[in-house]
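> The lines below spell out each chain.
Number of protein chains: 2
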Amino acid sequence: MKKKRVAVLGSTGSIGINTLDVISRYPDRFEVVLLTAFNNVQLLMQQVRQFRPAKVALSQVHLSSLKAEFKGRIKFFDVGKDLPDLVAEPSVDIVVLAMSGAAALDPFLSAVRAGKTVAPANKEALVMAGDIILAEARKSGAKIIPVDSEQSAIFQSLEGHRREDLKCVHLTASGGALLRLPKSQHGSLTVEDVLKHPRWKMGAKITVDSATLMNKGFEVIEAQRLFSLTVDQVKVVIHPEALIHSLVEYIDGSMIAQLSVTDMRIPIQYALTYPDRLCSGLNGIDLWKLKQLNFAVPDLRKFPSLALAFEVARIGGTAPAVLNAANEVAVEEFLAGRLGFLKIYTLVEQVVLLHKSVSQPSLKDIKEADAWARETAVRLLRKGK
Amino acid sequence: MKKKRVAVLGSTGSIGINTLDVISRYPDRFEVVLLTAFNNVQLLMQQVRQFRPAKVALSQVHLSSLKAEFKGRIKFFDVGKDLPDLVAEPSVDIVVLAMSGAAALDPFLSAVRAGKTVAPANKEALVMAGDIILAEARKSGAKIIPVDSEQSAIFQSLEGHRREDLKCVHLTASGGALLRLPKSQHGSLTVEDVLKHPRWKMGAKITVDSATLMNKGFEVIEAQRLFSLTVDQVKVVIHPEALIHSLVEYIDGSMIAQLSVTDMRIPIQYALTYPDRLCSGLNGIDLWKLKQLNFAVPDLRKFPSLALAFEVARIGGTAPAVLNAANEVAVEEFLAGRLGFLKIYTLVEQVVLLHKSVSQPSLKDIKEADAWARETAVRLLRKGK
Numbered sequence: 072m073k074k075k076r077v078a079v080l081g082s083t084g085s086i087g088i089n090t091l092d093v094i095s096r097y098p099d100r101f102e103v104v105l106l107t108a109f110n111n112v113q114l115l116m117q118q119v120r121q122f123r124p125a126k127v128a129l130s131q132v133h134l135s136s137l138k139a140e141f142k143g144r145i146k147f148f149d150v151g152k153d154l155p156d157l158v159a160e161p162s163v164d165i166v167v168l169a170m171s172g173a174a175a176l177d178p179f180l181s182a183v184r185a186g187k188t189v190a191p192a193n194k195e196a197l198v199m200a201g202d203i204i205l206a207e208a209r210k211s212g213a214k215i216i217p218v219d220s221e222q223s224a225i226f227q228s229l230e231g232h233r234r235e236d237l238k239c240v241h242l243t244a245s246g247g248a249l250l251r252l253p254k255s256q257h258g259s260l261t262v263e264d265v266l267k268h269p270r271w272k273m274g275a276k277i278t279v280d281s282a283t284l285m286n287k288g289f290e291v292i293e294a295q296r297l298f299s300l301t302v303d304q305v306k307v308v309i310h311p312e313a314l315i316h317s318l319v320e321y322i323d324g325s326m327i328a329q330l331s332v333t334d335m336r337i338p339i340q341y342a343l344t345y346p347d348r349l350c351s352g353l354n355g356i357d358l359w360k361l362k363q364l365n366f367a368v369p370d371l372r373k374f375p376s377l378a379l380a381f382e383v384a385r386i387g388g389t390a391p392a393v394l395n396a397a398n399e400v401a402v403e404e405f406l407a408g409r410l411g412f413l414k415i416y417t418l419v420e421q422v423v424l425l426h427k428s429v430s431q432p433s434l435k436d437i438k439e440a441d442a443w444a445r446e447t448a449v450r451l452l453r454k455g456k
Numbered sequence: 072m073k074k075k076r077v078a079v080l081g082s083t084g085s086i087g088i089n090t091l092d093v094i095s096r097y098p099d100r101f102e103v104v105l106l107t108a109f110n111n112v113q114l115l116m117q118q119v120r121q122f123r124p125a126k127v128a129l130s131q132v133h134l135s136s137l138k139a140e141f142k143g144r145i146k147f148f149d150v151g152k153d154l155p156d157l158v159a160e161p162s163v164d165i166v167v168l169a170m171s172g173a174a175a176l177d178p179f180l181s182a183v184r185a186g187k188t189v190a191p192a193n194k195e196a197l198v199m200a201g202d203i204i205l206a207e208a209r210k211s212g213a214k215i216i217p218v219d220s221e222q223s224a225i226f227q228s229l230e231g232h233r234r235e236d237l238k239c240v241h242l243t244a245s246g247g248a249l250l251r252l253p254k255s256q257h258g259s260l261t262v263e264d265v266l267k268h269p270r271w272k273m274g275a276k277i278t279v280d281s282a283t284l285m286n287k288g289f290e291v292i293e294a295q296r297l298f299s300l301t302v303d304q305v306k307v308v309i310h311p312e313a314l315i316h317s318l319v320e321y322i323d324g325s326m327i328a329q330l331s332v333t334d335m336r337i338p339i340q341y342a343l344t345y346p347d348r349l350c351s352g353l354n355g356i357d358l359w360k361l362k363q364l365n366f367a368v369p370d371l372r373k374f375p376s377l378a379l380a381f382e383v384a385r386i387g388g389t390a391p392a393v394l395n396a397a398n399e400v401a402v403e404e405f406l407a408g409r410l411g412f413l414k415i416y417t418l419v420e421q422v423v424l425l426h427k428s429v430s431q432p433s434l435k436d437i438k439e440a441d442a443w444a445r446e447t448a449v450r451l452l453r454k455g456k
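These protein sequences, in sequence, are chains A and B. For the first sequence, the positions run 72 to 456 when our numbering is used. For the second sequence, the positions run 72 to 456 when our numbering is used.
The hints are simulated quantities; they were obtained by calculation from the structure and are not laboratory data. Among the hints, a few may not be true.
If chains are identical, the list can't say which one is meant, so a pair holds when it fits in one copy or spans any two.
What the hints assert, rightly or not - No farther apart than 25 Å at their CA atoms in a straight line, the calculated lysine-lysine pairs in the BS3-like style are these: (1) Lys-427 - Lys-454; (2) Lys-438 - Lys-210; (3) Lys-360 - Lys-238; (4) Lys-276 - Lys-238; (5) Lys-146 - Lys-74.
For clarity, every value in this text was computed on a predicted model and none was experimentally measured.
Excised from the complex, chain A in its bound form (with noise of 0.2 Å):
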């Protein structure tokens, strides 16, 4: 068997260890081509000895520590500029999206373009420009098998059912951190506080989008652009345990849902082998002890940022990228403690509110609708203060 060319963009984060992690005991299967990260020189040294990538990028400043130690073993690349180029390569079979924020943009659509089959679980690309990545992997042939647990169970539960029998998809959302705090005591969260999601180990940008529930409004918008739906075709439901991890209504009023054990490693695997599986090592949801799943209707007046992402969603265009660039900003200051917990939806809609969005928009028009929203985060914050 051919060993499938895996490129794992990101390979020191959270989908990206657990990426590896499958790979590793999959050694006759897979090959690892590409690893790229920014700045977390010691694991992704580790990884690379490990791997053994014949390729690799990081940030700049850290590629002479890593040269002097592999000399002229592996090649390097700057993380910065290279990436569209090395997931086009011949070489690369596979192109799993592991690193998060909008620098996916530009590698995810190269990928798409060269035709490689995509695993992102990166989200804000699909946000930005997903209309116009799905448009390049059509023209292409390109396959994008989505990582992210939501995406992936919409994927495997329209699998060997007709498109058009589709009615809507139900995504789960476990409810993030704050579910069952009052909305009055939002005002006065850490950071520290936000971080501890009940379900998932992700990276804090996510866990944050968690909190607030922005991270369900981009995967609405994200199932949109994956699955071809309208807006209305996108639901959200409230399911703690997550284990449910999303639901396909067929027009004949029957629903096929995909369950697993909240471990990344399944979703990941699923579209690193599909449309094969292989054993995980993972069991499925013991049901005798499991006793019960609970369901709820999302509080969008506890969770503003879910209601403006539909908003924005209905909108389309250029919305959806300035959501996620004003979101961005606003995350980050939270995590360096200059931002209060509900400050961040203030400042995204408010962002959201002074932009015209752009119809139809070219890939430049999402790039400076993403450069203002950046820029007038900034701005409002300094007014701010």
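Since the structure of chain A is already known, use the hints to place chain B on it.
Just chain B, lined up with the frame of chain A:
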């Protein structure tokens, strides 16, 4: 579009009525070519007037009254002996096996041999001779699309996924009418008590089988046959809401489930329209209102019939036919008020223990075992009095 020509065997029972309800929504898609019933002449005549099948079969004694009304426009047959020939005719595309009991075995086999699509709601035929039926289906290319909600859920959860990646299936069981009644009170249960099923409106026989969990035991054997599983690959979990109709667990730890409101028209319609789906007029489950799904391990001491069915599944051969036949006799006695509720199990167990199973049985072996079990049950009943 060419209409699907449907034969409904047992059209006056619960499944038959629902099947005709589904068909009546899509007169441009389906044509009823055969209706059969035993004794409910009045309803059958109504159905014949509405759907105008070319052929009708019912008990010999009722034939004359119907022949008078429909004078030559419809051909009448004897339900006791003509079904195997009728279902095999070229005018039939799909056979809905909505009749209950062992009488379904011969028409099932005949339809399968003739390469028809068969939609079985009947459990007994598959329990008795599932291996033979499936082997014939493989030979002729006949498609079997189960109507039973649990088997339909498994069928739907397998579509689009590789059969070799299946780890096991989880049959959900509502737990029947007695789920919360202490075992100490089972002895004094009346027929009326037992016939109050909390979730599904069904015939009397199957409602009793649901109360003892023998019905779930039959489904274990049925699932084994339909999906070529070992006994250990079939699990049962109590799920009182009966909304998740069953789940398939894959080797990667992922589970796919099918859910819907408890309305038999959904799996019936799926079997009729497969691989397409059509609007059923029924919505998906309202997840915002659902609140909770509950799960529990089945209590085998309280419901020994399920344990017995697993044992019989393990023995295989003619044992399942014996289990089914003895149970038919016992439940009939119970429904007639001649046997206590707990004695259903005692009698069935006695017959099973007396049986010497024939492995890899022929159809003749199975029918002999069936007859032997019925005689033995009757003999034991007489002795008990």
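> All hints are to be evaluated individually against the structure, with a verdict given for each.
Quick rundown of the hints versus the structure:
1. Lys-427 - Lys-454: Close inside one copy (21 Å), not across copies (88 Å); limit 25 Å.
2. Lys-438 - Lys-210: within (22 Å within a copy, 60 Å between copies)
3. Lys-360 - Lys-238: For Lys-360 and Lys-238, only the inter-copy Cα distance (19 Å) is at most 25 Å; the intra-copy one is 32 Å.
4. Lys-276 - Lys-238: Answer is neither; intra-copy 32 Å and inter-copy 36 Å both fail.
5. Lys-146 - Lys-74: Cα proximity of Lys-146 and Lys-74: one copy only (21 Å, versus 64 Å across).
In this structure, only the earlier hint numbered 4 is contradicted, and the remaining ones agree with it.
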